[in-house]
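Participant: The primary structure of each chain is shown beneath.
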Amino acid sequence: MTAVPAPGNWRGALARRNPAAKLAAALLFSLPLIATLDPVAPALAIVVELAVLPFAGVRPLTLLRRAAPLLLSIAGLLVTVLLFAADRSGTVLLAAGPVTLTTGVLETALGLTLRVVAIALPGLIVLATTDPTDLADALIQNARFSPRFAIGALAAFRLVPLLTDEWRTLAAARRARGVDAGRNPVAAIRIFTSTAFALLVGAIRRGVRLATAMDARGFDAGIPRTVARRQVFGYRDAALMIAAVALSAAALTVSALAGTFRPVF
Amino acid sequence: MRVDVRGFGWRFAGRRDWAVRGLDLTVEAGERVLLLGASGAGKSTLLAAIAGLLPEDSGEAEGEIKTDRETGLLFQDPQTQLVMSRSGDDVAFGLENLGTPADEIWPRVDRTLHDTGFRYGRDRSTAALSGGEAQRLALAGVLAPRPRLLLLDEPTANLDPAGATLIRDALARTLTPDTALIVVEHRVAEVLPLVNRVVVLAAGGGVLADGPPDRIFAEHGATLADAGIWVPGHAIAPRKAAQAAGDPLLTAENVTVHNRLATTSLGVRAARVHAVLGPNGAGKSTLARLCGGLLAPTTGAVRAAEALAGPDAARPPHRWRAAALAGRIGSVFQNPEHQFVTGTVRDELALGPRRRRRTPVDVDLVVDGLLERLRLTRLAGANPFTLSGGEARRLSVATALAAGPRVLVLDEPTFGQDRRTWIELVDLLAALRDQEGAAIVAVTHDPDFVAALADETTTLTAGAETAEGAANAEGAASAGPSGRAGTAVTTRTAAAHGAAEATGTTGATGTAAPEPGR
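These protein sequences, in sequence, are chains A and B.
Position 123, counted from 1, in the first sequence is what my numbering calls 123; the numbers after and before it change by one each time, with no gaps.
Position 110, counted from 1, in the second sequence is what my numbering calls 110; the numbers after and before it change by one each time, with no gaps.
Next comes chain B alone, as it looks inside the complex (with noise of 0.2 Å):
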């Protein structure tokens, strides 16, 4: 037995709901378990707990967990979990906590390096790796010590899809058949392979199922993918476009930013989806930002169309005031939380129509009809750093809409984002390119969003050198702009669901080529 949680409970202090209460759950030696539930069924407090990591002054707890003091736990985000500055280093970072005699820690190292298949060797330098093998190297910290027990709290959610995989193939070569497995994961699919036992947490406390995978997505799958689980099986139906591509409102031509971002061009059209894609550091945030009118390129430049700002497309979207930016590209970032400067949900919302100087009666208009679209109501007095991710999603969106931009620019919209607010998130959009004629630019590595609501897209990539980029801008930039040279390919394309519409493709090293259609 690995462990063994008995009528397990726990209130984080100041909060009146329980996280988790009335839980019962046994995990033997061996057992690979997914753990599923509703978003704020308390699925990271109970890793938490199991990990021995909630301090009793930060809340009340209830029942017992009874566990092996070898636990492993592997969170997220890289960023907050190496340590060290050299990789080899933080990977023998535990093994010194741990009191390992100091003649076995270099070769625990180098075989825990080996064996998860890091690439480089111990000098690497932790602010040079990419996301993914950032999070395999924090992954190889965690393995180092051979814990009996291993919990992953969301371990890929973090990283695009190459460094998703890079993780599962680490995670398949190091399980020992002994090691218990405990993860939490919102794309089941992913980790499928990985697993033997699915168990479903309940919203209001306690095991909904538990059993074997096949048998409990049988049972339970329509009520798991309700619940906001990427439940496979349960594919979404594309969201086509319903009118024919209007005019051009937003150009890039030939852009290009210093270190992070080689020549690329782009077209936005009205009553169009462009998705941007491509690894971690060919610089699609970067080139986010230069659509959204918030950088200036190095070289080329940024055209908005007369039909989107008057008199103002005489100069690029980065010279216009804020205000008037606002209500011509909406930007939305890929943390929430970043865009919050207001104390309340309907002050958030309010912020952009009072600085376009509408009318109080306006203003309230605007801002409930936009509580009402994205159910945020009952939330219009709460603190929007209180909010639940979904939430802090869907007011981001909001807070951009607010203003009436008639093209948004949105970095990542459906990262780390449950199948529930997913899916409202593409309606929406649909609804914006279809009924007003939005153009939207999406930023993403989402190959399910890319499928249901993309017209167009552009794939950037990486040189050779950083094929996987980098995990931060500071890693970037030592990466050196001989890492930089990438190439930028355009693709307007019917393939995406069928749309006729003119298709083709262009490629090009270092420059794309203008667009097919022009």
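Isolated chain A (complex conformation) (with noise of 0.2 Å):
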């Protein structure tokens, strides 16, 4: 788990905008963009991106290490792509045994990997700029969510690292016990599903002793609760968020008006 810095360690204007509205105005940025398969309109989306990187103060080696899943899943999409894209069309470049490398193939490719990497980034920089208790205090406070989904999300989210430190118990525990895979797969993946099991039995009970401790405090007991930390929504949260949908608008009028834009439906 990356260490979360204390509030007021975020440096940027972005960065400093309301959690809820810095959620929203990624969400009404990235999602319109999942309306086109052209490369053009995704580009453009990474290029306003990267452009707002700086106001947002994250460092681009920290958002390249939060990435990393993130980067994993596309070298595994493009694999995919090359290997079974059902379009071949285009000149073929290169042909080796049952692939068919052609600029078509390569087209949808690089088409996928903006798409993903123009969707998930305004989600990570977000992330990355965000206090997770700030963020669960504003969707309370400005966007109406619930105390009892917000609250108990962040106290489970609380919980997660507790989890590495119990596998590796449990793998212990399994070869303190005689059972060890050795070279056997079938043996291998038997034993990893008995010890996902007991973690996820673990968690549970985990999950239950944390929701009575919490109820023991009061929480969700039908009286009004009041806010130990006030979260504004201001002017520069609304201006925000507009900004988000008219830069998506704007892409998409790009690619449109260039006669790239493809439509999904």
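Hints listed in this document are in silico derivations from the structure and should not be mistaken for laboratory results.
C-beta: ideal position from N, C-alpha, C; glycine also.
Errors might be hidden in some of the hints.
[Stated by the list, open to error] Going by beta-carbon spacing under 8 Å, a handful of chain A positions derived as facing chain B:
id, residue
1, 97
2, 132
3, 134
4, 178
5, 214
[Stated by the list, open to error] Across the chosen pairs, the derived CB separations fall in these ranges:
id, chain 1, residue 1, chain 2, residue 2, range
6, B, 347, A, 123, 39 to 49 Å
7, B, 427, A, 149, 43 to 53 Å
8, B, 436, A, 221, 50 to 60 Å
Take the two lone chains and join them into the complex the hints point to.
Facilitator: What follows is the structure in structure tokens.
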């Protein structure tokens, strides 16, 4: 888990916006991009996203580290497309056995990569600049989320790092019992499954204990809640959301004018 | 009057027996009650009922409980009580829930943190707290709304002695004269200074005894001790090693584990119990895993003697196949449930011998012997996950023994156990050491266990920064390597129980010096 810096440490004008507004802006910006399959609109969107990066105060390296799982899934996606794409039109660039690499395939792969990055990047930037507690507070106070959901998710989130440790313990305990897979892949899968199941059972038990402790402290007992940390939603937050919609629309318009727009449906 | 219980009973849905029944109890303002009873007498259920935490659809109720609304309940495990990631926010959580006006919240949070003696600021991450500090924060969260009735369910059972002291001090500082207190605790001596009344629940329902501590322990001390309660003045005689120390079976030489354990050396000999001591976060459990062949050291080496491993002695234990490892070095984890992998007690015990390809007749012989020896015969067909704490502990030790190891590594074996299970464990380990010449390594923060059984001790200390370590590995990792520089001190001592043996103490910063008598 990446340690979350204390609030106030966020630099950048964008990072200081209301967390709910930031999340909404990210969604408003990236969701419309799903509508097109062309590479131009997402490419423009990525340009916009990289342009606002300095205002978010995220260091590119930090962002890259957080994007590691995303990059990994893109690599998987690329392999799949290169090997199995149905559309093999265009000039043949390489023919190696059953794999035929054509300009058409490359185009599809490029479009797909750009889309995934364009859609995921805003969310990554928001998460990298937002304290989870502040986000839950803003969702409750400014977006009318139920405290039961937002605080409950926050509390569950706190238990996640414990799972890594629990997994190590369970795996070690199985070895101590004389159970290992050696080079047998079937046994390995069986042990993995039983360890995962034990982890799940333990997580549920922990969750139940935490829920009881929260009940004991009067959580969701029907008394109107007060808030210790006020989140303010101002005109700048509204402006951020409007800008997000406008920029997304602009990217799609440029794509339409250039004649590259390819609707999904 | 703070609470009035009349003819109360509760039976969990799907259970045949009542958890509590026929209970009458009145607690007035300012009364400090220690609630005792054998395990299974329904103490925790009663606290949950008083706190209003037994939903109507989860069981069947009898009688009634009248109580103030302002009730606070503190549980054992801080990890499953803290809700927020910043300490101050967690204390504020309860105040928010109760609708405390926003401008009063932070002054109340600050005052409560100060009163409980919390050492850090509001922004301190709850993940970076030691067990004791985390529990102190949980206590602050319970106290902030100023409960008029405070309920504590084994509040120090999960903590090392230093952590337990923190909680008792915080309680002594913060209890106002009119607060009523009901505390459930096995270790009576630790909470005695806080209470002025003892209530003993009878196993079959109702109250067995009720009165001032002196009178209750004078009249019922022996009965309570037999029921598993740690009554003051009922000391347990030490079990002295019966034979001379045997050959070294396992040695750890200058082992370290990145971020978890500073340089440590340790030698384990046949027919000896070696206790590993030290505060939470010093790397005791990590050392146990190294000795158990369950973890590779970052630097240094764990070596097995040929007497233990035969030709496999050329390789470190963590490279052995699991079945071979289990037959030589048995490991017992802190939480027994982590180790259970089958559906019945009998299958758990049979697993080790079967993995070692013993014949069915031999397997049955081993299993029946262990069931008998650890009083588990009656439970042979039961699911291991349905056992009580004491039963689960006995089974986890038995599963390790089933594979027939000569070295046994135990992590906090007496953790949270009542007196009865405790004595059984100590007797069992003493018999293994004295009759079978087993080498036993026990990680522990239980001073009674060390006094009763340990022949040799190694004390790990964390650096000043993490003197109390961290509540979990994540916290430990975030404490950084600077806080990990610790010391290990090995003592081969006769002081524990006067056994005639080479005596000496070595201490070194960062590196434990070679043990004396080598």
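Participant: Tell me if residue 134 of chain A is really an interface residue toward chain B, meaning its C-beta lies closer than 8 Å to one of theirs.
Facilitator: Cβ of residue 134 of chain A sits 10 Å from chain B, so the hint is violated.
Participant: For the hint on residue 178 of chain A, does the least C-beta distance to chain B fall short of 8 Å?
Facilitator: Where the cut-off is 8 Å and the nearest Cβ of chain B is about 3 Å from residue 178 of chain A, the hint holds.
Participant: Does the closest beta carbon of chain B sit nearer than 8 Å to the beta carbon of residue 214 of chain A?
Facilitator: holds, 6 Å
Participant: Classify the hint on residue 132 of chain A as holds or violated, based on whether any CB of chain B lies nearer than 8 Å to its CB.
Facilitator: Since the shortest Cβ distance to chain B is 7 Å, the answer is holds.
Participant: Given a hint of 50 to 60 Å, does the C-beta separation of residue 436 of chain B and residue 221 of chain A actually sit inside it?
Facilitator: Holds - the Cβ-Cβ distance for residue 436 of chain B and residue 221 of chain A, about 56 Å, lies within 50 to 60 Å.
Participant: Taking the closest Cβ pair, is residue 97 of chain A under 8 Å from chain B?
Facilitator: Cβ of residue 97 of chain A sits 41 Å from chain B, so the hint is violated.
Participant: The hint says 43 to 53 Å between residue 427 of chain B and residue 149 of chain A; measuring C-beta to C-beta, is that right?
Facilitator: holds, 52 Å
Participant: Holds or violated: 39 to 49 Å for the Cβ distance of residue 347 of chain B and residue 123 of chain A?
Facilitator: With a Cβ separation near 47 Å, residue 347 of chain B and residue 123 of chain A satisfy 39 to 49 Å, so the hint holds.
Hints 1, 3 from the list above are not met by this structure, while the remaining hints are.
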